[in-house]
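Working from the sequences, and respecting the hints, build out all of it.
Chain order of the listed sequences is C and U. According to this note's numbering, the first sequence is numbered sequentially starting from 3. According to this note's numbering, the second sequence is numbered sequentially starting from 201.
A hint or two may mislead.
Here are the computed lysine-lysine pairs in the DSS-like style, where the Cα-Cα straight-line distance is at most 30 Å [unchecked claim]:
{"id": "1", "chain 1": "U", "residue 1": "334", "chain 2": "U", "residue 2": "235"}
{"id": "2", "chain 1": "C", "residue 1": "88", "chain 2": "C", "residue 2": "78"}
{"id": "3", "chain 1": "C", "residue 1": "89", "chain 2": "U", "residue 2": "474"}
{"id": "4", "chain 1": "C", "residue 1": "23", "chain 2": "C", "residue 2": "88"}
{"id": "5", "chain 1": "C", "residue 1": "89", "chain 2": "U", "residue 2": "371"}
{"id": "6", "chain 1": "U", "residue 1": "222", "chain 2": "C", "residue 2": "176"}
{"id": "7", "chain 1": "U", "residue 1": "334", "chain 2": "C", "residue 2": "88"}
{"id": "8", "chain 1": "C", "residue 1": "78", "chain 2": "C", "residue 2": "23"}
{"id": "9", "chain 1": "C", "residue 1": "78", "chain 2": "U", "residue 2": "474"}
{"id": "10", "chain 1": "U", "residue 1": "222", "chain 2": "C", "residue 2": "78"}
{"id": "11", "chain 1": "C", "residue 1": "180", "chain 2": "U", "residue 2": "370"}
{"id": "12", "chain 1": "C", "residue 1": "88", "chain 2": "U", "residue 2": "371"}
{"id": "13", "chain 1": "C", "residue 1": "88", "chain 2": "U", "residue 2": "313"}
{"id": "14", "chain 1": "U", "residue 1": "235", "chain 2": "C", "residue 2": "78"}
{"id": "15", "chain 1": "U", "residue 1": "240", "chain 2": "U", "residue 2": "222"}
{"id": "16", "chain 1": "C", "residue 1": "180", "chain 2": "U", "residue 2": "474"}
{"id": "17", "chain 1": "C", "residue 1": "88", "chain 2": "U", "residue 2": "370"}
{"id": "18", "chain 1": "U", "residue 1": "370", "chain 2": "C", "residue 2": "89"}
{"id": "19", "chain 1": "C", "residue 1": "23", "chain 2": "C", "residue 2": "89"}
{"id": "20", "chain 1": "U", "residue 1": "240", "chain 2": "C", "residue 2": "78"}
{"id": "21", "chain 1": "U", "residue 1": "240", "chain 2": "U", "residue 2": "334"}
{"id": "22", "chain 1": "U", "residue 1": "370", "chain 2": "U", "residue 2": "222"}
{"id": "23", "chain 1": "U", "residue 1": "371", "chain 2": "C", "residue 2": "176"}
{"id": "24", "chain 1": "U", "residue 1": "235", "chain 2": "C", "residue 2": "88"}
{"id": "25", "chain 1": "C", "residue 1": "78", "chain 2": "C", "residue 2": "89"}
{"id": "26", "chain 1": "C", "residue 1": "180", "chain 2": "C", "residue 2": "88"}
Derived by calculation from the structure, the hints in this document are not laboratory data.
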Amino acid sequence: MAVSGIVMLLYLIAHMIGNLKIFAGRESFNGYSEWIRTIGEPAVPAQTTLTIIRIVLLVAVVAHFWAAVSLWRQAKQARPQRYVTKKPVAQSYASRTMRWGGVIVGLFIVYHILDLTVGAVNPAGTDASPYDRAVAGFSNPFVTAVYVIALILLGMHLRHGIWSATQTLGQSNKRREKTVNLFALVFSVVLIGGFLIVPFSVLFGLVD
Amino acid sequence: MTATREGATFASGTAADPAMAKHDMTLTLRVWRQKGPADKGRMVSYTVTDISPDMSFLEMLDVLNEQLIQAGDDPVAFDHDCREGICGMCGVMINGQAHGPEQTTTCQLHMRKFSDGDTIDVEPWRASAFPVIKDLAVDRRALDRIIQAGGYISAPTGTAPEAHSVLVPKKDADAAFDAATCIGCGACVAACPNASSMLFTAAKVSHLGLMPQGQPERNDRVVNMVAQQDREGFGGCTNIGECSAACPKGISMENISRLNHDLLGALRAGARPKS
Ligand code: HEM
Ligand code: SF4
Ligand code: FES
Chain C
3 MAVSGIVMLL
13 YLIAHMIGNL
23 KIFAGRESFN
33 GYSEWIRTIG
43 EPAVPAQTTL
53 TIIRIVLLVA
63 VVAHFWAAVS
73 LWRQAKQARP
83 QRYVTKKPVA
93 QSYASRTMRW
103 GGVIVGLFIV
113 YHILDLTVGA
123 VNPAGTDASP
133 YDRAVAGFSN
143 PFVTAVYVIA
153 LILLGMHLRH
163 GIWSATQTLG
173 QSNKRREKTV
183 NLFALVFSVV
193 LIGGFLIVPF
203 SVLFGLVD
Chain U
201 MTATREGATF
211 ASGTAADPAM
221 AKHDMTLTLR
231 VWRQKGPADK
241 GRMVSYTVTD
251 ISPDMSFLEM
261 LDVLNEQLIQ
271 AGDDPVAFDH
281 DCREGICGMC
291 GVMINGQAHG
301 PEQTTTCQLH
311 MRKFSDGDTI
321 DVEPWRASAF
331 PVIKDLAVDR
341 RALDRIIQAG
351 GYISAPTGTA
361 PEAHSVLVPK
371 KDADAAFDAA
381 TCIGCGACVA
391 ACPNASSMLF
401 TAAKVSHLGL
411 MPQGQPERND
421 RVVNMVAQQD
431 REGFGGCTNI
441 GECSAACPKG
451 ISMENISRLN
461 HDLLGALRAG
471 ARPKS
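Structure, rendered in structure tokens:
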């Protein structure tokens, strides 16, 4: 859970920063997309680096999902009969939404790849450049709304995830607890803010 | 009984409050009744009268049972032993919280935490690893088996060594002592949305793992205790923190991190659970 989560987290950092290239203009953004596909050329065939990244991510997603499902099932079996009355006192909204939130983010990733990588569900279609696809998609308030909801869920997922991974990897203690949680919060807000700024800029016409 | 209660009233210095001395609370209890392990069980409502705010929750249940016995009904089965907060027997879910609204044991929870006319739900710990024996009493031996899997040190008995011959840093002694205050009540399991026993196991692993005497078996201890808690059918820990917030001894989440640290180290060092 923790290790696969961290792999995806590292990708998200790079992805968020890469997306900001949209503010440098069409050429820069499309050039960046082109560059991802040509790293290492001509020493290695086109798309080698990208393919490796995709395989690593796919393995991480599958491992993460598999671990989540086993924990979910284990929890169900560990308490077959629920309480008539149960009052949570410590759990955060983030920790409570890890499971369904994770499923929703997972579905979002599928939609997102069909939208911006493949273009199959994008208004500009499969032939448009990455820049035009992003602009065409995010000009639609409904598309932007889907991204906003999914990203906020993702942000909460990361907030609890970072804290939980620190515990799982045995790196937390009483003294660090506050710092870890504060870091998780600030990190998630900055990351999600960095992602969200793109669709909002398109929606409000700052990028077109 | 009366003398003890009035003594308690005096000791807490609230005798001046006339409401305290009176036995004037009337409560509606919704209690889980289950004849035995095979029975399905259900919530049953009772009205208890003449409850003093100075009674403990268990004494209130005693009053209910006296009423039930006088009416020819079956009294409610609940576990208890020391009634002073150290044995860990008296775990019940009160209004959806392990041991009720205060972070203490049920025997140390007082009726002044409630108001006249309240409705209070009382349920047993719910976990497949803690099967209900009857009503509110559950079988918590799964925790004993986790201890048996590694929660001990092997030392030759005989003449005790001079205590000062093994030095323990103050910081470690304090942390080990904090972990050692776990009374094995199972509130952590009861409160956990995953029904995980991680906080309990972590307290035991920390308690021994921080002491010099615990070192020789440190790696085997953690892998075996964790394997046993999985075998018992407890859920997995997702670091939600309900356990620590419910723990009457305030065992902290850092113990879970320490367990994980030991576990990763032990696995790397080649330790494997006994099958
Ligand atoms: C508003 C936020 C986001 C924007 C604007 C955005 C934009 C993009 C774009 C333009 C691509 C295609 C790049 C290309 O084909 O050259 C892409 C791919 C991708 N994005 Fe995002 N993205 C966002 C958020 C996310 C989030 C939150 C996740 C993960 C949870 C994510 C995961 C992915 C993945 C897995 C790919 C496919 C990578 C591949 O080609 O294999 N993205 N994104
Ligand atoms: S860790 Fe706390 S709640 Fe869990 S068994 Fe020990 S004393 Fe009870
Ligand atoms: S009866 Fe012993 S802790 Fe409550």
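Going down the list of hints, with the structure as the test:
1. U:334 - U:235: Cα-Cα ~6 Å, so holds.
2. C:88 - C:78: Judged against 30 Å, a Cα distance of about 16 Å means the pair holds.
3. C:89 - U:474: 38 Å, violated
4. C:23 - C:88: Cα-Cα ~48 Å, so violated.
5. C:89 - U:371: 35 Å, violated
6. U:222 - C:176: 44 Å, violated
7. U:334 - C:88: 20 Å, holds
8. C:78 - C:23: Since the Cα atoms of residue 78 (chain C) and residue 23 (chain C) sit roughly 45 Å apart, the hinted pair is violated (cutoff 30 Å).
9. C:78 - U:474: Since the Cα atoms of residue 78 (chain C) and residue 474 (chain U) sit roughly 26 Å apart, the hinted pair holds (cutoff 30 Å).
10. U:222 - C:78: At roughly 46 Å apart (the allowed maximum being 30 Å), residue 78 (chain C) and residue 222 (chain U) break the hint.
11. C:180 - U:370: Within the cut-off at roughly 23 Å; holds.
12. C:88 - U:371: Violated. Residue 88 (chain C) to residue 371 (chain U) sits at ~37 Å, over the 30 Å cutoff.
13. C:88 - U:313: Since the Cα atoms of residue 88 (chain C) and residue 313 (chain U) sit roughly 18 Å apart, the hinted pair holds (cutoff 30 Å).
14. U:235 - C:78: Distance of about 24 Å is within 30 Å: holds.
15. U:240 - U:222: 38 Å, violated
16. C:180 - U:474: 37 Å, violated
17. C:88 - U:370: Roughly 39 Å separates the two Cα atoms, so the pair is violated.
18. U:370 - C:89: 38 Å, violated
19. C:23 - C:89: 47 Å, violated
20. U:240 - C:78: Given that 30 Å is the threshold and the Cα spacing comes to 19 Å, the pair holds.
21. U:240 - U:334: With Cα atoms ~11 Å apart, residue 240 (chain U) and residue 334 (chain U) stay inside 30 Å; holds.
22. U:370 - U:222: 48 Å, violated
23. U:371 - C:176: Roughly 13 Å between the alpha carbons, so the hint for residue 371 (chain U) and residue 176 (chain C) holds.
24. U:235 - C:88: 23 Å, holds
25. C:78 - C:89: 18 Å, holds
26. C:180 - C:88: OK: residue 180 (chain C) and residue 88 (chain C) at ~27 Å, within 30 Å.
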